[in-house]
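Given these sequences and hints, build the entire structure.
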Amino acid sequence: MDTFLAALFSGTSRGAIYALVALGLVIVWRGAGVVNFAQMGQAMFSTYIASTLIQNGNSYWVGFFVALFAGAALGAFLDILVMRPLSNKKKTELLSSESMRAAIPVIASLGILGVLQALAGIIWAAEERGFPAPAAQEGFTVAGSVMPFTSFDVFVISIVLITLTMTTIFFKKTGVGLAMRATALNQEVARLSGIRTNFTRTLSWAISGAASSLAGLLITPTSNLSPNTLDLVLIIGFTAAVVGGLDSPAGAVLGGFIVGLVISFVTFYLSPEDVFISILAVLLIVLIVKPRGILGGKDSRRV
Amino acid sequence: MSSTAKNPSIIRRSLRRTIFFIIAILAIGSTFEPYNQAQLAVVLIYFIGVLSVTILTGISGQISLGQGALMAVGGYSTALLMTNYSVSLWIAVPASIVGAGIAGALLGIAAARLSGPYLAGTTLVIALAIPTIANRFMSVFKGDEGLPVDVGYPPSWFTNLFGEPSYEEWQLYVALPFAAIALFFASNLLLSRTGRMWKSIRDHETAAALAGVNYSRQKIYVFIIASIFAGLAGALYGLRGLVGPSVYPVALSLTLLTAAVLGGIRSIFGAFIGTVIVVFLPDWIDLVLDNFELSEQVSNFMPALISSLLLILTVVINPAGVAGGHHHKHK
Numbered sequence: 001m002d003t004f005l006a007a008l009f010s011g012t013s014r015g016a017i018y019a020l021v022a023l024g025l026v027i028v029w030r031g032a033g034v035v036n037f038a039q040m041g042q043a044m045f046s047t048y049i050a051s052t053l054i055q056n057g058n059s060y061w062v063g064f065f066v067a068l069f070a071g072a073a074l075g076a077f078l079d080i081l082v083m084r085p086l087s088n089k090k091k092t093e094l095l096s097s098e099s100m101r102a103a104i105p106v107i108a109s110l111g112i113l114g115v116l117q118a119l120a121g122i123i124w125a126a127e128e129r130g131f132p133a134p135a136a137q138e139g140f141t142v143a144g145s146v147m148p149f150t151s152f153d154v155f156v157i158s159i160v161l162i163t164l165t166m167t168t169i170f171f172k173k174t175g176v177g178l179a180m181r182a183t184a185l186n187q188e189v190a191r192l193s194g195i196r197t198n199f200t201r202t203l204s205w206a207i208s209g210a211a212s213s214l215a216g217l218l219i220t221p222t223s224n225l226s227p228n229t230l231d232l233v234l235i236i237g238f239t240a241a242v243v244g245g246l247d248s249p250a251g252a253v254l255g256g257f258i259v260g261l262v263i264s265f266v267t268f269y270l271s272p273e274d275v276f277i278s279i280l281a282v283l284l285i286v287l288i289v290k291p292r293g294i295l296g297g298k299d300s301r302r303v
Numbered sequence: 001m002s003s004t005a006k007n008p009s010i011i012r013r014s015l016r017r018t019i020f021f022i023i024a025i026l027a028i029g030s031t032f033e034p035y036n037q038a039q040l041a042v043v044l045i046y047f048i049g050v051l052s053v054t055i056l057t058g059i060s061g062q063i064s065l066g067q068g069a070l071m072a073v074g075g076y077s078t079a080l081l082m083t084n085y086s087v088s089l090w091i092a093v094p095a096s097i098v099g100a101g102i103a104g105a106l107l108g109i110a111a112a113r114l115s116g117p118y119l120a121g122t123t124l125v126i127a128l129a130i131p132t133i134a135n136r137f138m139s140v141f142k143g144d145e146g147l148p149v150d151v152g153y154p155p156s157w158f159t160n161l162f163g164e165p166s167y168e169e170w171q172l173y174v175a176l177p178f179a180a181i182a183l184f185f186a187s188n189l190l191l192s193r194t195g196r197m198w199k200s201i202r203d204h205e206t207a208a209a210l211a212g213v214n215y216s217r218q219k220i221y222v223f224i225i226a227s228i229f230a231g232l233a234g235a236l237y238g239l240r241g242l243v244g245p246s247v248y249p250v251a252l253s254l255t256l257l258t259a260a261v262l263g264g265i266r267s268i269f270g271a272f273i274g275t276v277i278v279v280f281l282p283d284w285i286d287l288v289l290d291n292f293e294l295s296e297q298v299s300n301f302m303p304a305l306i307s308s309l310l311l312i313l314t315v316v317i318n319p320a321g322v323a324g325g326h327h328h329k330h331k
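One line per chain: the protein sequences are A and B, in this order.
Per my numbering, residue 1 is the first one in the first sequence, and the count goes up by one each step.
Per my numbering, residue 1 is the first one in the second sequence, and the count goes up by one each step.
Simulated from the structure, these hints should not be mistaken for lab results.
Do not take every clue at face value.
[What the hints assert, rightly or not] Facing chain A, a subset of chain B residues (Cβ under 8 Å, in silico):
#	residue
1	Gln62
2	Arg202
3	Pro319
[Unchecked claim] Only part of the chain B face toward chain A is listed, based on derived beta-carbon distances under 8 Å:
#	residue
4	Leu114
5	Ile126
6	Val140
7	Arg217
8	Ile312
The structure displayed is predicted, hence computed values, not measured ones.
All C-beta atoms, glycine included, are put in the ideal place defined by N, C-alpha and C.
The structure is reproduced here in structure tokens:
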């Protein structure tokens, strides 16, 4: 029973972070039609910025908010510098076939990931460093026994839930959010009705950058910070997004918690070595049974 | 592939390319120092792997970030045959491509349903998950420790005829015939009706289907062929000394993709150019950096930084790669 509770709590706390990563992927996929494999590289970069600020004597919260802004700025910068020129040159030969149009941004985002990791290595060296947590990481004591649930877990889950609510309100209730949904639905029509699609695309990269930086800030206290630590988080976040449905923000959240629980139960009941095989199994089962994800739309392949 | 037999000019063209390739490699290799000969052997091995990306992504339009996992399948098959059954490498390497082909068929059946970023992400998870199997079945795969294998020593008839080669030179001579065969097959494939069929799938699936191409089945065939190339590359890559999870990391898959894109993802010549760039780039960068006083921290990450920047620049400025341009004639 203790093992079960421990697995449940750690799965929920981790799942909240994976939900955030998946949400970042979904926002860029809907807003710009790209799965951003560089996303956790961006998060790694802004977490390093926060870590440097905190090591130089600033408070945790200064580092925290600077990292969020840096993540948003970096996302916008990458879109303007790399992805916008790509999306505006559809007429060239290599991009003219339907399959290569999908493959080229993926390759570009892998290039961005490589650049960010190499730069982080050059600037901050490759050795691992710790990252502080804003709340205690010792379990609560209930009736004399230590529970596997820490105040840091409470912090993580509440901050993730606040972020998710805010994003939902942003997309549903604000004019800019509406414009972004219109762009996601049909870029051409959105542009014809006066929406500045270049702007909304950049905005989705910025929001996604901030969301993934938040995920980076929340996950590094329990792992460690190095140029490569967040690669695995990206792969898990991708699985979560596909499980929930790549075009559904609510699905991303659901997928995050599902994958978090699966990983946690496999780690506690089988062995940590089986985690990646089980992720692969979950991914393949979902892709075979319901290729658009649990909350994804109907299969609408454009011809 | 029956069409290749009907058209001898295709075979003749491929044969001409292959013979030129063998002569060029032998001529260049004989002038090299042992260190560069070993590098050239790596070029040949990567070249086979990059061809698998060229066929899969450049020709049929399916992106895969998991070719390293298929290389691992080829490597482990060879290593298990050589260590457990003491089979000669000249039998073990060709036999191992059967294993890689079967893995490719399974992967292809799953992958034929996916496209674009879905396929990229799924193959990335595969690249990560497959090497961890080595730790799951410790008794067979020996975990992180891996299975030590190497190219051994040349047979006596070889030393009698050509004299005693250095170990690095022998690595080169082992890789060359396999690379030449891979080049010959890839060239035939691209020039033939099958190659044109796969290009039609890349350009427009629905149009290909209307022209009578069963694209779901053909996609699986492409995966099998590409996996055979990757398995062959992986078997030879393991023969450099060790077959283990650390030899086939996710970064290996990404290196193959980088090489294919830099050189020109649609052509065999591009695959070779890209491989040469990726393998020799660290040495070239070292040559330049020696003129500056730089800390180790900077120089260690320079090759990764430059090759990633080149990848982005290629994609944004000239997606057809170094060898692009002339290869786009459609009949």
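Practice problem: With a cut-off of 8 Å on the beta carbons, see whether Pro319(B) makes it to chain A. | Solution: holds (4 Å)
Quiz item: When the nearest CB of chain A is found for Ile312(B), is that gap smaller than 8 Å?
Solution: Hint on Ile312(B): holds, closest Cβ of chain A at ~4 Å, below 8 Å.
Quiz item: Under the criterion of a CB-CB separation shorter than 8 Å, is Ile126(B) in contact with chain A as hinted?
Solution: holds (6 Å)
Practice problem: Go through the hint on Arg202(B) and say holds or violated, using the shortest Cβ distance to chain A against 8 Å. | Solution: Since chain A brings a Cβ to about 5 Å from Arg202(B), closer than 8 Å, the hint holds.
Quiz item: How about Gln62(B): closest beta carbon in chain A under 8 Å, or not?
Solution: Holds: closest Cβ of chain A sits about 7 Å from Gln62(B), inside 8 Å.
Quiz item: Holds or violated: Val140(B) as interface residue toward chain A, Cβ cutoff 8 Å?
Solution: violated (15 Å)
Practice problem: Identify whether the interface hint at Leu114(B) stands, where standing means a beta carbon of chain A within less than 8 Å of its own. | Solution: At 7 Å from the nearest chain A Cβ, Leu114(B) passes the 8 Å test, so the hint holds.
Practice problem: Return the status of the interface hint for Arg217(B): holds when the least beta-carbon distance to chain A is below 8 Å, violated otherwise. | Solution: Since the shortest Cβ distance to chain A is 17 Å, the answer is violated.
Comparing the model with each numbered hint stated earlier shows that hints 6, 7 do not hold.
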